[in-house]
Every structure is written in structure tokens, then in C-alpha cells.
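As given, the protein sequences belong to chains A and B, one line each in that order.
Per the numbering used here, the very first residue in the first sequence carries number 7; after that it's consecutive.
Per the numbering used here, the very first residue in the second sequence carries number 7; after that it's consecutive.
None of these hints come from the bench; they were simulated from the model.
Only true hints are included.
Since the list gives no way to pick out one identical chain from another, each pair is judged satisfied if it fits inside one copy or across any two copies.
Below, a list of computed lysine-lysine pairs in the DSBU-like style, where the Cα atoms sit at most 35 Å apart: (1) K304 x K224; (2) K100 x K430; (3) K414 x K99; (4) K414 x K45; (5) K421 x K100; (6) K231 x K312.
There are 2 protein chains.
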Amino acid sequence: MFLKVREMQWLAGRPIAILHAKTAERLNVHVDERVQVRKKQRGIIAVIDTASGLLGENEIFLSQEVISYLNLKKNDFVEIELTSKPRSVDIIKKKLNFGILNKEEIKIVIKDIVSNALTEAEIAYFVSAVYSCGMSIQETIDMTESIVETGRKLNFKGVVVDKHSIGGLAGNRTTPIVVSICAAAGLTMPKTSSRAITTAAGTADVVEVLADVEFSIKELQEIVKAAGACLAWGGSLGLAPADDKIIQVERLLHLDPEPQLLASIMAKKISANSSHVLIDIPYGENAKVNFQKAEDLKKKFELIAKHFHIKVKCLLTDGSKPIGRGIGPVLEMRDILSVLGQEEDRPIDLEEKSLILATEIFNLVGKKNSRMLAEKILKSGKALEKFKEIIIMQKGNFSKKLIPGRNKTVIKADKAGEIAYNNKKVNLLARTAGCPVDKSAGLYLHKSGNEKVEKGEKIMTIYTESAYRLKEAINFYRKNEVVKIL
Amino acid sequence: MFLKVREMQWLAGRPIAILHAKTAERLNVHVDERVQVRKKQRGIIAVIDTASGLLGENEIFLSQEVISYLNLKKNDFVEIELTSKPRSVDIIKKKLNFGILNKEEIKIVIKDIVSNALTEAEIAYFVSAVYSCGMSIQETIDMTESIVETGRKLNFKGVVVDKHSIGGLAGNRTTPIVVSICAAAGLTMPKTSSRAITTAAGTADVVEVLADVEFSIKELQEIVKAAGACLAWGGSLGLAPADDKIIQVERLLHLDPEPQLLASIMAKKISANSSHVLIDIPYGENAKVNFQKAEDLKKKFELIAKHFHIKVKCLLTDGSKPIGRGIGPVLEMRDILSVLGQEEDRPIDLEEKSLILATEIFNLVGKKNSRMLAEKILKSGKALEKFKEIIIMQKGNFSKKLIPGRNKTVIKADKAGEIAYNNKKVNLLARTAGCPVDKSAGLYLHKSGNEKVEKGEKIMTIYTESAYRLKEAINFYRKNEVVKIL
Numbered sequence: 007m008f009l010k011v012r013e014m015q016w017l018a019g020r021p022i023a024i025l026h027a028k029t030a031e032r033l034n035v036h037v038d039e040r041v042q043v044r045k046k047q048r049g050i051i052a053v054i055d056t057a058s059g060l061l062g063e064n065e066i067f068l069s070q071e072v073i074s075y076l077n078l079k080k081n082d083f084v085e086i087e088l089t090s091k092p093r094s095v096d097i098i099k100k101k102l103n104f105g106i107l108n109k110e111e112i113k114i115v116i117k118d119i120v121s122n123a124l125t126e127a128e129i130a131y132f133v134s135a136v137y138s139c140g141m142s143i144q145e146t147i148d149m150t151e152s153i154v155e156t157g158r159k160l161n162f163k164g165v166v167v168d169k170h171s172i173g174g175l176a177g178n179r180t181t182p183i184v185v186s187i188c189a190a191a192g193l194t195m196p197k198t199s200s201r202a203i204t205t206a207a208g209t210a211d212v213v214e215v216l217a218d219v220e221f222s223i224k225e226l227q228e229i230v231k232a233a234g235a236c237l238a239w240g241g242s243l244g245l246a247p248a249d250d251k252i253i254q255v256e257r258l259l260h261l262d263p264e265p266q267l268l269a270s271i272m273a274k275k276i277s278a279n280s281s282h283v284l285i286d287i288p289y290g291e292n293a294k295v296n297f298q299k300a301e302d303l304k305k306k307f308e309l310i311a312k313h314f315h316i317k318v319k320c321l322l323t324d325g326s327k328p329i330g331r332g333i334g335p336v337l338e339m340r341d342i343l344s345v346l347g348q349e350e351d352r353p354i355d356l357e358e359k360s361l362i363l364a365t366e367i368f369n370l371v372g373k374k375n376s377r378m379l380a381e382k383i384l385k386s387g388k389a390l391e392k393f394k395e396i397i398i399m400q401k402g403n404f405s406k407k408l409i410p411g412r413n414k415t416v417i418k419a420d421k422a423g424e425i426a427y428n429n430k431k432v433n434l435l436a437r438t439a440g441c442p443v444d445k446s447a448g449l450y451l452h453k454s455g456n457e458k459v460e461k462g463e464k465i466m467t468i469y470t471e472s473a474y475r476l477k478e479a480i481n482f483y484r485k486n487e488v489v490k491i492l
Numbered sequence: 007m008f009l010k011v012r013e014m015q016w017l018a019g020r021p022i023a024i025l026h027a028k029t030a031e032r033l034n035v036h037v038d039e040r041v042q043v044r045k046k047q048r049g050i051i052a053v054i055d056t057a058s059g060l061l062g063e064n065e066i067f068l069s070q071e072v073i074s075y076l077n078l079k080k081n082d083f084v085e086i087e088l089t090s091k092p093r094s095v096d097i098i099k100k101k102l103n104f105g106i107l108n109k110e111e112i113k114i115v116i117k118d119i120v121s122n123a124l125t126e127a128e129i130a131y132f133v134s135a136v137y138s139c140g141m142s143i144q145e146t147i148d149m150t151e152s153i154v155e156t157g158r159k160l161n162f163k164g165v166v167v168d169k170h171s172i173g174g175l176a177g178n179r180t181t182p183i184v185v186s187i188c189a190a191a192g193l194t195m196p197k198t199s200s201r202a203i204t205t206a207a208g209t210a211d212v213v214e215v216l217a218d219v220e221f222s223i224k225e226l227q228e229i230v231k232a233a234g235a236c237l238a239w240g241g242s243l244g245l246a247p248a249d250d251k252i253i254q255v256e257r258l259l260h261l262d263p264e265p266q267l268l269a270s271i272m273a274k275k276i277s278a279n280s281s282h283v284l285i286d287i288p289y290g291e292n293a294k295v296n297f298q299k300a301e302d303l304k305k306k307f308e309l310i311a312k313h314f315h316i317k318v319k320c321l322l323t324d325g326s327k328p329i330g331r332g333i334g335p336v337l338e339m340r341d342i343l344s345v346l347g348q349e350e351d352r353p354i355d356l357e358e359k360s361l362i363l364a365t366e367i368f369n370l371v372g373k374k375n376s377r378m379l380a381e382k383i384l385k386s387g388k389a390l391e392k393f394k395e396i397i398i399m400q401k402g403n404f405s406k407k408l409i410p411g412r413n414k415t416v417i418k419a420d421k422a423g424e425i426a427y428n429n430k431k432v433n434l435l436a437r438t439a440g441c442p443v444d445k446s447a448g449l450y451l452h453k454s455g456n457e458k459v460e461k462g463e464k465i466m467t468i469y470t471e472s473a474y475r476l477k478e479a480i481n482f483y484r485k486n487e488v489v490k491i492l
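Produce the entire structure from the sequences given, and follow the hints as far as they go.
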């Protein structure tokens, strides 16, 4: 059946088609079932809503997600076909019953996720199955491979380095600094990052404060050819579209199941054709993982990397406290610029960690005097120069003022003692203030973890654009032990 | 902020609000976040979509789910308020980590489900957490209580009987027969049933072939006052609105986690003020449960019933093969009428099972000569008379022709032997044909389970309204061992 496209620039967060109730009846499809929407050879699966007003029986409303995918214009005609229940449904159920999935089964699920054959609720079932029932190393390898197969690839050759942090640590924005140091040393580093899942900001959220992060593969390759590196968002490249959709659903519950985390990271490295990868695993109380879990992750990363012939080094780092002063996109970018610019009041913990990571990457590719080299590049201003080069290649703008949210409140110490941040709650506080969507929201830590504080001294400032969210954030701060004074 | 309601009779399957993109920006809300939509004192939480076409900045599109709940008319104004992340999110995560939830936590989740504070994907997380990580008896009791608390109640007094089947068995449509026998014996039996979750049809789907099943509590109480019984759909009464929403999400994966099943059944009995309840637990290969699981369920039902002071008897019955000839709403109703009408070719297995269940209910309330009494009522035509009385009270129509789907195909035996049905696959075959939404879809079993068949003899006929679904059903039949000839 052919229907005429009616448009209303409707963003639904997923592909949805509104049919006239009579048309749906004629097709024998019902609300929440799926249909295939086709334009010539290209097709996408959409979930059905129905309506009786505002559209005719031979018309269809399509959410922007469908319009963009099929490249539709107003008054175009699309073909609607029935589609049967995806095979994934039984496979997901098998995993919910603690079953072991084979390569073929995992491939079916990942393909269905990419082709949009699964609703968000069905993807949630898959995520929670993986979360609660786990996956073997073989399943994780198979999932990694399926994610790579359903995505695009970058075609850099030779030594291609990368770094990755498993995340969870507030502030920990070393990537732009490390990438700048490595690229300044002549290494190829096509860094793609994610947006935040459980923290206040991901590297992509932070870089976006100054520059574009969404590029086509062709654009990205040009950036890297010119600057030796990039700081792009992975999602727009389509390297791991399955993973991008899964992350969208994980976000609802701030979940990050281990096999998914492993597959997600490794798939992106494989698609980027990385040869040498450094993985930062912050561990500790209130970090994403404890020491034992960190050791376990390290072992698994090494096993998977070996399977795919990638040289990996996992670094277990202190994850007990936030790193840097700023938490949230704008505030973290200010920290980055002060380290790269070697300003006097730069956060030394952020600088030191960046140097350690850059040193390890140099070691990994066999450079001599690695630590000295890294320090020299940073202190000489070469890293800052390289960072500017990357930002400009990414259509960035340095004259942009980095101003935190207009609504703010200062938290002061109610007694003297030593500061102890709860990492998870610091992240949640920043998210309550609006991070990462509200770029200027976040926290400025006047005091670092373990630092001494006097009664009445400032501990942190909360920033946000929204007066409502400020109230919520203050509320959250009152109800939760975000910071203890010991 | 107040916005003017624009209507298009839009059924989205869930409460959704489309805001103008600029309005969303002004409110600082984003696609997939939630807002509270208010009309005077009444409010409902809706998920945000945005659009830039077809609506003005001071207008809002609301899905029918919101319009009905708030009783809105065109050009009404609604108030939009921001709402924070529901507390349930952390509680669900706790359960996904195999945590034990306390009464307060369970209540928060159930309340958030009822008030629509959770999206389908978040409810899916809860369902899978309960499915994979389980619940203790205490948690199940607490969930039962929360479901009851968030729902309405029926106020029948004295001896109120009920029966329930845990389901899973194709055809097994004893309820209308048992209710008719019991009510004809003078018992009060306000039977509310669900629609199908994993099978081809639920009792509500089947009764709906002849009569209305959706009533207000007031209407239902009038029906029961007049006829002594009813055969209504539980969903429209709002006895267990949390459960209704959970079932909608379970349906996606055909899941039915045990604690949810226990709480769902018991909550409805408590809300209906039932004093004596018979629970039918069909067990066997390809039934919902095996013998061990059936014994386990029986024990749990008894524990929960004791807590709520309800007299329960659990009956473990043969669940190895379909019961009756028809599978699917119209075809099952034909079976029911032939048993009640004592027609010569009536399905004897369906009659016998109905008599056993009615007998057990009579025993439960202390009637003498129970089996004889049940038989007498059925054979004398009194049960049929009572059934007609109920159907007429439910605005039913007996002159309605019960015609199975126009597209059909006959499956014949490719060799001689003994028939063995795979229950689950029989259900899936009927669902592929369009059950339960397509009332006239389904199967007619020319041969029962264990019956002998000659080569070339008819085994079953598949019926459906949709030519497409017939193709799918034949395809399903070919690929799956729905029936074996031993």
C-alpha cells in the first residue's frame, strides 16, 4: 500500500508512523505493532500509532527519524508493508533464562536493533538480560564482531593509537589533553568518544562546547589527515550503530552491563582500525568498579583484544575522587584549557593523569623517554597548539566565552575537616542540575577530594540554566551525602 | 505553562505529548523526557515528542491516552509541569542486581507504573528484573498488596467464589462453562478475566465475541446482582491497573515471570473480595509449567492466600495437550456453546474438565454431592440458561453468526500414527494467524491429542481474516513441529 507523506518535523526519539485508523484497519495492523516503510530499495521499520483526525486515509505522518533515514520530502509516497515479529524476541528470552547465545543468535539481535526491528522496551529486555544474566567471553567476542559488522569502518593504516576510559569518574576529562600530546608527537589518533551514559558529561559533550563533533567518515578522515587526530562523537559516524541504540536505552536506568561495555569499547576500536589501545580503568569505592572487578575487566579486555589482534594495555588508576575542578561540559572545558595553557591555577591532578596516560601510549608504541617527551610537549605549548588545530579543523570557535549556568548556589562547609566526595553522587548531582544536555550546568569544586576545609569555606558551586533544576539539585544535595567532611 | 489542546484522535499506546520545538526549548525539556500534564486537580505523566510543523508554540498535541484520562475537549487548556526522574529507577536497578526490595520500594515502583511515571522500556527493565532475578514470597506478598492498593475494589459480601487458570493451554476455555454452572447453583461469581498474554485467546477475548466485556464497577455490580455472575474483562475495571500495564509490556516478549503471575492473580481476587478461589494449574511438557514447578506454584499460592485470609484450592491438571476443538476467540466460543447446549459433537474433554472444576468449587464452599450437582445443572440446560442470562446482561447478541476467518488452509496427515501437539507451538501458530486481535483467526483441531490418524486425514484447519497472515501461519507451520505423528 502506498501512502502520501505528511510532515510536521516531529521528533519522537524513534521511528513511528501514524496511520489513519481506517487504513490501519484495512492493513490489519494495530497500535504498537510494526510495519516496514519503504522508499524504493531503502526500508525502515516503524512502530504504528493511529489517528482519525488531521490526516486522510491515504496519508501518513512519519517521525523525523523515518523522514531522515529514507530522505523523504513532503508529498513523497512511501510503501507500507507488514512485517512479522522479529526473531530476536525468542533469543532475548533465552538470555533472560540464563541461556548461552551462539554467534548466529547474537548477530540476529544486533541486526534487529540496527534495523529498528526492536522497540525500546525490547532492547531494554536485552540490556537487562545481559546485565543480570551475564555473557561469556565468547559471547562478548561474538557481540563485538556483530557490532563491527553492522557498522561502518575507518581506513587508517599502520600505527593507529587510541585511548579509552571506562568512565564513571566525575571530571576525568583527560582525553582532549592526551590526544593533543600524542598527535603533537606525530601519532595518528582518530579519537571518537561517546556522550555521557552515567556521568555528568562524555568527551563528546565537552568538546561540543567549542567545536562540532558530528562528522561523516569522509570529513573525519580529512580532519585526521590534516591534524593527525580528531575529537569526534562516535555516534554520528555509524561505526557501531547497534551500540548507539543500546546506549540510548541503558541511559534510562543508568545501566552499563559489563559485556556490553567490553563489546562497545572494543567494537569501536576495531572499526577505527586501531593498532595500539590504552584503556584507563579507574577503580575504587564509588567508582564504576572496585579493584577486583578492575582486574577482571583488564583480563577480559586483553583476551578480546588478543582475539582481534590489537595491542592493548589496561591501566588501573585511582578512581576514588573526581579529577579536575569542573564537572559538566563547559566547566570541564575550562579545566582542559587551563592545563593545555599551563595556567597557574590549573588542576594539577588532571594534568598529572593526562601525562601518565600519554606516557603509557608512548611506551605502547615503543617511544623512548616517554615521560619526558610527554611533559615537554605539554609545557612547551605544542599540545595547546595541536588542540587548537584540531578544534579549528572541527569548525570550532575559540573566541566563545565559556560561561557556566546563570542560576547557581554555593555549598559551604558546616564544619572543619577533610573532604570526601562520593563519586556517583557527584555525577548524579551534576545530572540533576541538567548535565549533560544543559552544557553550562555542572559543579565547580573549590575543594578537591582529601583536601582540608575550614567551617564556612566554599566546597562547591552548583550551576544550571534552569531555576527548576537548581531547586531539584539543592534538594538532591540535601537528601544525599554527596560530600562528607571527615 | 498553559497550552491549548490540539486533537487528532491519536492512539499511541501510551501517554505522549508533542510540544512545539521552541516551547520544549523554553521549558528546557527534551525528547523522551517526561512532563506532568494537568487539568485542574487531575494530572498524568506524558513522554515528550517535539514538532515544528502543524502546531503553534502555545499548542500541544496529546495522544488519546492523555485526552481520555484528563477528559479533555478540543481547545481546552492544559498545564505543563516539569517532573523529575522517578525514584523507581534506582529501585529497579537494585532488583536487576538481585537485591531484595522492601515493601516501601515495591510500592514506589507500582505507584510509578500506575501514574505512568515509567516508560515502557523502564517497565520492561522491571519485568525482566523480576523474571531473571526472582522475588521472595514476602516481596510477592508486598507486590500483591501494592497492586491492590493502587486499584479499585468490588464490594460483594459473604461467600464470593472465583476460579483461575494460570493459562498457557491452548483451547482450555472452561471459565464460561464453570461460571454458568456455579451461578446456576446460586453462588456469587463476579468473574473477571484477562486477555491473552502468551496464548491464542484469554477468556475476555472469547466472551467478547458475543457480548461486551468492558464495564464500570457500577455496571458490573448490577450484572452480578441480576445474574449472580459475570464474565468481564478485568482491565477496564481498574482493579489492578499496575498489572494491566505490566502485562502490556510482558506481551512484547511473551514473558510471564512467576512472582508477577502470583501477584497478578491474587491481587485481582483480593480486589474482587473473593472468599473461595479454585486455581487450575495445567502442567506437563510444553505447558506453562512442569510438575515440579506446578507443585511449587501451588505452595506459593497457598502461602499468599493464607496471608490474605482467602480459602484457596490449587488443582494440578493435565496440561500436555490442547483442550476442546477450537483455538482462537470465535472457534473457542463455538466449543463453549456446544458443551452448554449439550450438542452431540461437543468436545468431551472440555466438558469433563469444566465439570471437575465446578465440582471442586462446590467442594470448597461445602456443597454436598458436588459432582452430581454439577452434572445435573449442565445436562438439564440450566447452565446454558444462566450463560444466556449473563450474556444478555452484558449487552450480548445470540443471533450473531460465529464464522471463522475467510482465509483458510487444511493441514493433512502425511503418514498414519498418533497425534502429539506441541502446546506452545499450537498457541504460536494461532497467534501467527492473528489471534487474539483477529477474533475469527485460529485453529480447528479435527484430531485431538493422542488420537489416531490415517495418512491423508485432516489434522487441523487454520483460519484467518488476512491473506498475509495465512501465508505467515503456513510458513510457521512448516518451520516448526506444531504437531508430531508418532
